[in-house]
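Chains as they are written, first to last, in the working numbering: chain A, 1195 to 1670; chain B, 4 to 493.
Just so you know, the hints here were simulated from the structure itself, not pulled from any lab data. Ideal Cβ placement from N, Cα and C applies to all residues, glycine included. All the given hints hold, so there is nothing to weed out.
If you only want the chain B side, here are some residues facing chain A, beta carbon under 8 Å, derived:
| hint | residue |
| --- | --- |
| 1 | L100 |
| 2 | P105 |
| 3 | R204 |
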Amino acid sequence: MQYEVIIGLEIHAQLKTQTKMFCADSTDHSEIPNSRTCPICLGMPGTLPTINKQAVEYAIRAALAFNCKINNTSVFARKNYFYPDLPKGYQISQYDKPLAEGGYIDLPHENGSKRIDLERIHLEEDAGKSIHNNGDTTLLNYNRCGVPLIEIVSMPQLSSGQEAVQYLKKIRQTLIYLDVCDGNMELGNFRCDANISVRVAGQAELGAKVELKNINSFRFVKKGIDFEIRRQTKLLENGQTVQIQTRLFDSKTGQTYAMRNKEQSSDYRYFPEPDLLPLVIEDNFIAEIKTSLPELPEQKYTRFIENYKLSKNQATMLMENRQCAGYFESCVAMGADPIILANWIQGPVANYANVNNIEIANFPISAPRLAGLIQCLEQKKITRVSAKAIMEKMLKNYMTAQQILDVNPQYSLSGDTEKLQKLITHVMENSSDLIYKYHNGNKKVFGAIMGRIMQETKGQSDPEVISRILQQKLDD
Amino acid sequence: MVDNLSYLTIAKAVSLLKSKKLSSVELTGAYLEKIKLSQPILNSYITILEQEALVKAQIADEKYSKGTNGILEGIPLALKDNLITQNIRTTCASKMLNNFVPPYDGDTSAKLKQHGAVLLGKLNMDEFGMGSSNEHSFFGPAKNPFDTSRSPGGSSGGAASAVASSSCMAALATDTGGSIRQPASFCGVVGLRPTYGRVSRYGLVAFASSLDQTGPICKSVEDCAILLDAISGYDKKDATSVNIAKADISEISQNSAPLKIGIPDQYLSDDLDQEVGESVESAIRHLEKAGHSIQRISLPHSKYAIAAYYIIVSAEASSNLARYDGIRYGLNEETAENFDQLFKQNRNQGFGEEVKRRIMLGSYCLSAGYYDRYYSKAMKTRQLITEDFNTAFNSVDIIVTPTSPTTAFKLQEKQKDVLSMYLADVYTIPPNLAGLPSISLPCGYDKKGLPIGLQMVGRAFDESTLLSLAQDYEKKTKWHKKKPEVPDAV
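Please construct the entire structure, taking both the sequences and the accompanying hints into account.
Printed below as a string of structure tokens:
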């Protein structure tokens, strides 16, 4: 029997505003517990929420990037439930009139691309954090209370853990590009719940829906969803039914566990938040945000390939984040050849960033200096190997590649051909076996002789120049 | 010394203080003495701030000497105990908040401070504003100064009782369904509920957010105007407060221009007490004689007002009161096995009967499957009621009705019959659902000597016309001059 998997994701992304959704506290919830709170976000009697305009703007920015329709009037609603980390006893969210509806994102797919439609994007506030200690005490940290979130709800159109991860990565990257979310999954600033159901292929009605919570990394998303698919499929294969449940993913075992059944699920008693007026968004405000949208990853990708003739691989690496792409383009603007530069960033720069655990965008050599180095390479003044040596020096001072080259002529290709001539002659004297083979028709050994010379020069000479001299000497 | 507090109004007192004929320390002292006598009998106060008031009075006197006095400098006022006061216990007359001392100020409290008022204390009320008799108070009921076996009305019973007995010069209270006007009517004083959005709700402990509004209870219409002016204005901390010019109160003492006054047919119903009806009729004739034209109007959907109102307020209350779990503040029994049990215990111990009743009713009305049948329908009804008023105000300037269908009832008389208690607000609820300003002022006494209130309702944000007409009526009648004789405690 063939089975079909249907997955929908609900993403919660923290907006990068300075202050909380409904009060003036800082959103930096990683600070000392309960130091980022006030009577409003603690829900003390008589306090009232007011809407953070910046959060609304960020949410609209995201909604526009995902092609959603922005509702001119949306309504905040109270989602009522009791939990110690929810100080008001309700969360201010949006219910039947969300900020934005519709929209889609396209995922790369074996035959072109696959479109995932969005149901809605709405604004809400986050709850606090309960830390359960040894089973007998619970610590409450309200710093995160009231931090602005957008919830992005997809249509149930994803069909594997892999695809879910692809979708999440794309959304996360776009939000980071838009500068509305830092995407930090470890801190919970970008997180998701997955709704997973399995049905016999061709069956009209959907299978029982299982909501999977607590999947806070891409790896866990894939693992958790894949486990759920296997679990549900197995149940169906054995003729059993899947329970409508909320389940938790346990990262230690890689399995999911039932948290509550549907009968126990809450009735949130949503109703319009009477402390806030409907959120009215004028068309010109939307238009203003639209024109200020930055270039999105997809557009950048296409442009990098078309304008700079980069490979797909290079384009993907460089546009991974906006800052990295920006660094690349600044270097190009300063005169660096895009392809040589891309190779260089992908190689030594990425390597350095990796070793030092920094973002490529924070590579310590400024764009003009790096561009200077790339120009030296392009003009064949130096080899890649000497370029690396020069870069090492550049990392330790503020000199340009040219200045270093002026002081250290040994890095230069045109530097000392007499020395090079001698060196080549010396290697040839010690390679009579190869030269014999060469003259007997085995032209392939040319490369081996080249290799020996390169080794002697420690790579600091231009292979083209060596090759030319060697050819001359062999022909003599 | 102050020989007769009963007739002293804010307007008079300010002029006496300014001219140094009276000091705030003397005035405040006189009220504190009066409170000592009245409190054991009337129970108007939950918290009395003797020391703080005298210290503030002294400062006020210094400010008068320096000429840096505010507009309410040295005036001894009191606040209903659901108005948040920084560092002063704010209980909402609930066991839940018996020990709650807010670390922040509400907007009205801050404004009163800024204007230099002396705060005598916090006034008794029905728990969280839920009730029409002041019997639903953790601190016991406040009593009516005209007859201490009777209710002062509710929920602002303490405020009306304190003003009527001269235990404060004036008070600020709150009105959700009639909680300012009905007690004002029962106690023979003047109560103004401003337009919804006129006064910031920041610091008004929410009962039903879409209806709650702060307003004054005073001895005169003029005092109400003075206090309205002091507390109104846009507040960016309250998203529902309206950014509009303050009501112009400068000309309310002029004779009111001839107005078109509407009398709703629906208001003269069977439930109306005969004596109340007669007094209101005579007040209407009085207004006619004064040159105003009287016409009948129709508010056909008002008959659904109480039903819609109790669904809306209960729904909002069920959510507004969810925050009282005892974890961050408030009553905490601290002995539970788990959160659910802790919440249940704290809430069961902390809330009184009426509060629980409304939380249950409200939760039910918002539940899946019932929302459309109840809450949604109530909101539609509210819209129709609002449209009725809009239509009426196309042809009239002010609408006049009784404030309450009866005079003050006996304490405990209605406790067993919740629905008949709810009917006490039958006239005050409809304008509230429409967000309109309204005032209650004395218009007579029944044979038992109990005050009768006249309600006037104005257009949204037109408190000026409302106050003008009310003051005009007050000037030409004697009803507000009758004062209760409260027996001394000692």
